[in-house]
Amino acid sequence: MTGVARGAIAVMAALSLGMGAQSVSPRGIAPWRIDPFPSTYRPLPRSDFLLTNAIVLDGAGHHLDRGEVLVRDGKIVQVGVSLAHAPGVRVVDAGGRWVTPGIIDVHTHNGTFVVPLTDIDKDSSDVSELNSPDVADTWIETAVNVQDTGFSRALEGGVTTMQILPGSSPIFGGRSVIVHPIEATNIAAMKVPDAPQGFKMACGENPKSQDADAHDIHGPTSRQGEITYIRDAFMAARDYRDAWTRYAQGKAASPPRRDLKAEALAGILAGDIHVNMHCYRSDDMATMLEVAHEFGFTIGSFHHAVEAYKIPALLRNAGTCAAVWGDWWGFKMEGLDGVRANAAMLDRAGVCVSMHSDSAITGQRLNVEAAKAGGAGRAIGIDVPPERMIEWVTSNSARILGMQTRIGTLAPGYDADLVIWSADPFSVYARADLVVIDGAVAYDRASPPAHSPSDFELGRTGAPHP
Amino acid sequence: MRTALLGSVALAILSGTAVRAQPIAIVHAKAWTMTAAAPIADATILIDGGRIVSVTPSGAVPQGAETIDAKGQPVTPGIVNSATQLGLIEVSSAAGTRDQTSEAHGIGPGFDVSPALNPNSALVALARADGLTGALSYPSKSDEAPFAGQAALIKLRTDGGILDRRGAAVVAVIGGNKWPKDAGSRAAQWQLLRRAFGKVADGRRGDGGKHGDHGHGDGPPGPPPGSDDAVLGDVLGGRTPLAIFTDRESDIREAIRFAHDFSVHVVIMGGAEAWRAAAELAAAHIPVVLDPQANMPTSFDELGNRLDAAAILQKAGVVVAFGMAGGAIEESYNAGLDLREGAGLAVANGMPYSEALKAITVNAHSLWGGGDGTLAAGQPADIVLWDGDPLEPSTNALTVLIDGQPVSTDNRQRALEERYLPLAKPQ
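One line per chain: the protein sequences are D and L, in this order.
The numbering of the first sequence is the numbering used here, which starts it at 1412 and goes up by one.
The numbering of the second sequence is the numbering used here, which starts it at 1006 and goes up by one.
The following block holds chain L by itself, in its conformation from the complex (with noise of 0.2 Å):
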């Protein structure tokens, strides 16, 4: 029985990886094609080289394409989590298996998580089997206030390797009880901030400009690649977002100056108290990553926690994706399953539910890039069929795909379950 098991592991893990030439049709879905509020009804989805062909009512199977009938169940775009520590945490107790973070003096915003990120953690698998395709896997605070490093954006292959683009975001981390005492006010974070941002712009003026651009131009070489001063000067060229993980609502207005000041594009993660100031989040074009489950004072900071939060941003206009849903607990180890919970709470509090499926869909992508999250011609084929409303987290994936192909939705769960199945008889 067992060995008959693990025998079908390895093979459904072998055929993830096959390589295929094979059209594929995803017929009778109700597809969620995120370029409309409404599902279209009985659409044919057709997938070739790993991108979506085209997205029809009723559209025929070309001939040779291998079909996967949907049964009128729901089709998505693969579901993100915009802030996890996906392949960098595998038991969080155990330092030896964390790599989120760098304790090492000196290592500041050009640390970069994506050298250590781990495709084979049991967390991953789950995660896909969960629908998840994408992440944003960020560092926590480094040594150096108020930086925390380089976040990866992912992508949840099962060839080999997760890692879709290093140095997605800039993260910086600003508040209360947030840093030791050198930090202790947040009115020195910020202060830390301005000038390490200061004096990376300084160097980039006395250069014409050309400074911080990895020596592309005629004047002097910039900065060495991955060195804090390119990284802060990535940031600066609007090439890469800084992403402020900060709560209060002090600090929520604080950010929009900074991102004014600095002419550099700023996301909120956290956001506790961004609900506060949603009009000026949304005129100057700040995206909010929430916890959609986030809903205690868990800290002073945090006094504004409300399960409306996402509604009250999306409804003056801000841009809100979903991320850390529920906590430590859940952001990484359940990243997709909760967060589809949390964005099925949103819509139990009050947010429309196509947009709840945008914050986990195409608000993500236009964060942190890899496509635009919706299921349009010429987009990667990250698709997932379900077996209900992919926002109830009683609904399962029933089949996933990352760039065209089926993968496993094997995991270190399942096969556990499927081990011990034979216990659980009727008495």
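So here's chain D without its partners, still in its complex pose (with noise of 0.2 Å):
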């Protein structure tokens, strides 16, 4: 296999149009669409089931005492109270504790910052490809090690569905990848089947350091040069992209040679990749909106967004979300300016707002961070009710990733990621009980072990608990 055409989309198109592996890809299908990693991920072995006597936060707005969850075959079925089922379903009472949709953190970099760090990570990290300004053409899940302990203690914290991303040193960093924090021993395994795409870029004062600090300088070292540095990789990946039409129309003899850091551009010129980009100053967002504009494509989140609280309008009309943090602020110049009701304020403004982690540590409780941001707004004036609240980790977090129809929100049709709670859910005291992924159970803190180690920790952790 030359690597090409085994995802989804590619095989049913390989399959209508007769053509096997090859190292272009068929006549009309982009191929930027394809996808060269395909997912081997199965659920976990799952039951229906009825979930009774819980308060239920659906992540679409509503709040429901003594709701109930009819599973089946790994999706939500019916959301509500006192519902019918068939006899024989299996009945589990949340015994009045809260469930939620499973958390999403939209933006981490477990898998690749991999603890504990030695001087590998210092002298060639697996975070960033940092040969050049323009990584367009990687793809993060080739980096992944999964034996990353930050996947098991996400899992323990109510995470259900991840996107790993780049580091953000480079402008164009790659392509992510959206996982389900499960046990596995390659990536594929882990990955969403069918997810779309998500591809990394970066503003602002990390890539202009990286490249200013290089012994050999190769990219912009200041803001007006990045942006220079993305329009003129558009103008090329737009002309790309149109030598693809003239192709797929037959206007054109041959494809164009494959160029991967073009196509990777020019899928999200086509609207067919999401981008999630790293900018923290209102004025750098501004900007990267009118770029956006004028190249006619969507910036889907804009990440780290400490400032967003500052152009509520711009990133409404735009329909760009803001994944922000609770509290983090003011360790570099470009961050000073964070304030902790910046989800409260984009809220209230009509913003779709997601909280994030960036961190291994706050990715195991996105709902605390949700928590302070709530407080914080609360302080404000802006009383945030917890069926609001939490769509900043579940429904608006899907958004981001472009699967708001699909995971997010306890809803028929849905995928069954949902969560029981020991306690209410914003509170620091809250754990997660029951983690649910596509109707199966992944983690269960009742039942021993209560977490299993990844391989590293195997062995390792000495003598037992005192």
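Quick caveat, the hints were computed from the structure, so don't treat them as lab data.
There may be inaccurate statements among the hints.
Chain L regions said to be covered by chain D (calculated; three or more residues, Cβ under 8 Å) [stated by the list, open to error]:
| # | region |
| --- | --- |
| 1 | 1303-1314 |
| 2 | 1346-1355 |
Short, incomplete list of chain L residues facing chain D, as computed with Cβ under 7 Å [unchecked claim]:
| # | residue |
| --- | --- |
| 3 | 1398 |
| 4 | 1401 |
| 5 | 1403 |
| 6 | 1418 |
| 7 | 1422 |
Cβ coordinates follow ideal geometry from the N, Cα and C atoms, glycine included.
Mind assembling these two chains? They're in different frames, but the hints should get you there.
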């Protein structure tokens, strides 16, 4: 196999056009739509069940006391109160506990920022490929060490889906991968099937510093240089996309020579690849929205958007979400104007807002990050109810991934990803008691071992617990 | 709109610095005095002259006292973070705003951070608004292994200075990958530590023990105040604790041996694997300052990081305090909020609630001084009134008193929120 035409989309294309593995994709199928690293994920063993006696926050703005959720074949069939159900369906009594959709982390480096950090990470980390400011041709999943302890910790924190992103040193960082944090020995087994493609871009201090620090400067060293670099790359990508269009329309005899960097950007221009844009300052975000407008694409989300609260109308009008922290700020110049009420202020202004982690520590408690932002909102008169706040870590996050019709909400037809919490999920004392992915129990706090150690931890952590 | 807001901020800052002669009564408080495991309901807390006068259930309010109604909400002693770099760092990526370390050659244990403390730091104001009234601000490692220098106890006053006590601890750093090649092995780091203290101890013995006591006595004059020898002499004389930043079990046990051999007060900071030596630490009366959010094997020294470490240590009888909550981005930038969150996590992982509250009040004071951290008569009136459980990170501090005076909780984040709040209109 040459690594092409193995993904679901590509397989269908190959069947319909009678083409096998080839070094170019078939006429009519844009190459950026082909996934060279298809998922082999299979849901864990599961059974149908009816969850009863729960305080349900459905991720769609509803709050049900004594709510019920009916799950069949890994999908949610019904959510409500006093549901009728077929005899023989297993009934799971939530005992009055809170139930929410599974938590979604749209920004993790798990698997690439793998602890313990050692000298190899200083010399050549897998978080970012640094050979160029444009590494649009890289796919982060080819770097992910599935033995990272961060995955099981996140699962124990109620995370059912996460997006692993490349780092922010390059301007064009490469493709993301969307995974379920389940035990596996390769990333394909964790990869969510048929998930949309995501892409990481960065603006501001990180990319310009990276190149300014380099001995052999090969990229922009200023904000204006970064924007010029981005426009230049999208102009080239537009030409590349147009060449593929001409070929698809039969106006060109042979396909363009494949260019892995250009095709990632062409996929963005075509609306097939979701942009996750690392920007802190409001002026940086505003400029990037102008660039997106110039080239006719949408920025799905700004990540680390610490100044998003300064430009709610721009974000709302562009349909761009803000992925924010509960309280990180100030550690660099472009983070000085961070405020804790960022999420609450954006929510009030009608902007799609999501809590993201960027850290394996924070990624275990995104519910508490939301609570912090909620508390800060309350202090300035924005009181966000729990049924709304839960959207910051479920349905809004799903929208950033382009999966808002599939995960992040407890509603008929959605994947049965849900969490039963030991207490109010916005309390620091709350623990994820039961985590369900695709209708299967992925983590049960009551069933020892409380967590499976990763291969790294196995046989290494010394004496058992005292 | 903006002018009016700025005006109110300026007024609040002025009023925060006004001298208050009037006694204060906090009434209807759920008072965590920290002298008992449970709070006093409907307490009246009387404050005068900067100190607590009394805490009594349904106590009467003296005539002329200013009254603050807690409306049944919790009132606690001011929160203290036992390991921050507050006042020493403004923007960690901007070298010109950082004063937490000496990279100059030849500056070792005598390096004292206190002259660099910045009371006007935006980080300090935010921490104060989060209910933090005190903290240990510690130096990062120096050029001279294994020392970092002297930490300062700070009190988050608003009247020009935050230094409460200089030289509150001498800090050493020991562990894998902590030092460059000269002291690359932790064995060498321990040897350097022993050699430095051994040299000063020999000098003290040579003059009948008067050396090192700043020349008070009949013997020859001691080393100059603030010098490396004087600072280490203060540790040997029991006047200053030696805070050892270290994580691995082997180093924890070596620290216990060191404390015994030199008869000094040692405090373990970091202490990822301290729980493995909990009984021995308790027997040696060595307290541990933990990062209560640390549960990842961040380095090979920290493979034992776990969220129930605080509970294990406390149960074994070790005095536990909290600091560095959440690591680099939180320890100073969110020194108040993330410390409370960390204490809450310790509760979620088995630590009794009152013990977690002690870790950020009473226990911190027992390590660094500045009162005993209780709401008892005669104690400095560093007090916080909350709008809910202080260990919930969604809870806000409503009123913060330092030395008996309500202080401004204005901060730059709040000013930004107020400036941009009009844009957050429902659509």
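Hints, one by one, checked against the model:
no., hint, verdict
1, 1303-1314, "holds (count 6)"
2, 1346-1355, "holds (count 5)"
3, 1398, "holds, 5 Å"
4, 1401, "holds, 5 Å"
5, 1403, "violated, 9 Å"
6, 1418, "holds, 5 Å"
7, 1422, "holds, 5 Å"
Against the hints set out earlier in the document, a violation occurs for number 5 only.
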